[in-house]
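Protein chains in written order, with the working numbering: chain A, 1 to 249; chain B, 1001 to 1312.
These are computed hints drawn from the structure, not numbers from a lab. Possibly wrong hints are sitting among the right ones.
To be verified - What follows is a set of in silico ranges between Cβ atoms, one per label pair, in the way DEER data are often shown: (1) A:Ala221 x B:Arg1187: 47 to 53 Å; (2) A:Asn14 x B:Gln1078: 53 to 59 Å; (3) B:Gly1173 x A:Glu245: 57 to 63 Å; (4) B:Gly1064 x A:Glu200: 25 to 31 Å; (5) B:Met1001 x A:Ile191: 50 to 56 Å; (6) A:Lys247 x B:Ala1049: 29 to 35 Å.
No residue lacks a Cβ here, since even glycine has one placed at the ideal position from N, Cα and C.
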Amino acid sequence: MKVLVPVKRVIDYNIKPRVKADGSGVETAGVKMSMNPFDEIAVEEAVRLKEKGVVSEIIAVSIGEAKAQDTLRTAMAMGADRSILVETDVVTEPLAVAKVLKALVEKEKPDLVILGKQAIDDDMNATGQMLAGLLDRPQATFASKVDVADGAVTVTREIDGGAQTIKLALPAIITADLRLNEPRYASLPNIMKARKKPMEKITPADLGVDMTPRLSVISVAEPPERKAGIKLDSAAELVSRLRNEAKVI
Amino acid sequence: MTVLVFLDHEGGVIRQASRSAIAAANRLGDVDVLVTGPDAAAAAKSAAAIPGVKKVLQVTDTTGSSELAEPVAALLAQLADGYTHILATSSATAKNVLPRAAALLDVQPIPDIVAINDADTFVRPIYAGSALATVKSADAKKVITVRASSFEPVAAEGGNAVIEDVALPAGPGGSTFVSTELSKSERPELESARVVVSGGNGMQNEENFKLLEPLADRLGAAIGASRAAVDKGFVSNEYQVGQTGKIVAPELYIAMGISGAIQHLAGMKDSKVIVAVNKDPEAPIFQVADYGIVGDLFTILPQLEAELDKAG
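Assemble the whole structure, with the sequences as input and the hints as a guide.
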């Protein structure tokens, strides 16, 4: 069984993003970039399925600028067998990305596509659902547990106030939530090995996809800053302030 | 312009967060609503009572299909003809369904809006709330989720809308509902509570985390947690406040033993009053807290309870 795992190169989650002075976006030049953390979880899940003998091949895909090949190398160091870079300098919106992925799914025919539930840059949380919609295939979003058996996948997913379990016939689309697994670190030998794994480079035009964004960014601004308040010495003073000054209790 | 709002409900009661989505929809045009899922008939009655709602569309289904994204997204796409905007609150349910519906409509969704500038232009947080982007959509229809804490919910009572049945289309098939397990709680819902008491890494373990309960009882508060507390297993994940959990904006937010990572702050920094108790005077939570106490939370917790028990 074949699995496709899309991965996105984003500002490392430990770095505080800075808004550009001209308000056109967030500064990425000279900033440490990494694989989107939710995508790492997706790669890890695919690798675990391969280790269990359920999956035979893992294909990592990234859509973005040329440097996204670093992210693909990381995915291959974690255990993906080969990768596809769909190179574009255009801002990648979920709708266009889903169209690219649809074209790749039709070409590669994977049984499962496992994606991160959202990218931590645009926080859209949409690509997996949109891909499933475009392909008219079943979806299991926000997965916290994945079991593949007998041509079907049973997924426990995080919902408001608890968990839901659904069963999908393959081929299907899954998006990974935080608690699905803890991604491994790529070992040095595996990083070396990943350099030799195949990487195909294509463009959205090769797949017949128009990447033109539907949303134009008018401006990007810092959120209003909250001011630090005061430090108090006792619980008594806190309760008194909450009652008499803030009037919230 | 007419707007369709996909409502979330719990056991037939419309969630407050969905009434915030209706408030946002009211700024765009006339409002119809859609309810699905178990107890949809009861939910349709509560929805009809919400002032400003013109029409309630209900899917009464007992097969479990209405708990699946595929048929509900197909239904939204079918209904979209009559509407300029499709809205929902930013819940797990809506985030499962709306992007799929948007794909069927060839529309790029606009998630988590915090402000409406005009019918095409919206403000939404990016990078876990580290920046606010103003975006203008070129799509003919807009598919939007609304961050509830940014819109004052409309009233629950006072309206009298008509209720119409709609049928759930067949989805692509291949997806079967197995079960739902909801955590039971007597406390107010985290996202709509007036007071939230949250614990973090400083609570140390699952046992100690329960020490927050007497304080929450006294304040009628919901209990929340930081990602660190959830990851370490002190509480289950539906308690998590933050960019990857629930976004809350109560009147009073009390952070006990929470350092204040960016991802947590993104989930609570719009609270009206923030209190932080932490032994580390340099903890970033103090930069957003209105009132802070530097000290051992296990000493301060009982003192707080004792003070609250004294007459005001």
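Numbered hints the structure breaks, given as an ascending list: Hints 1, 2, 4 are the ones this structure does not satisfy, whereas the remaining hints hold.
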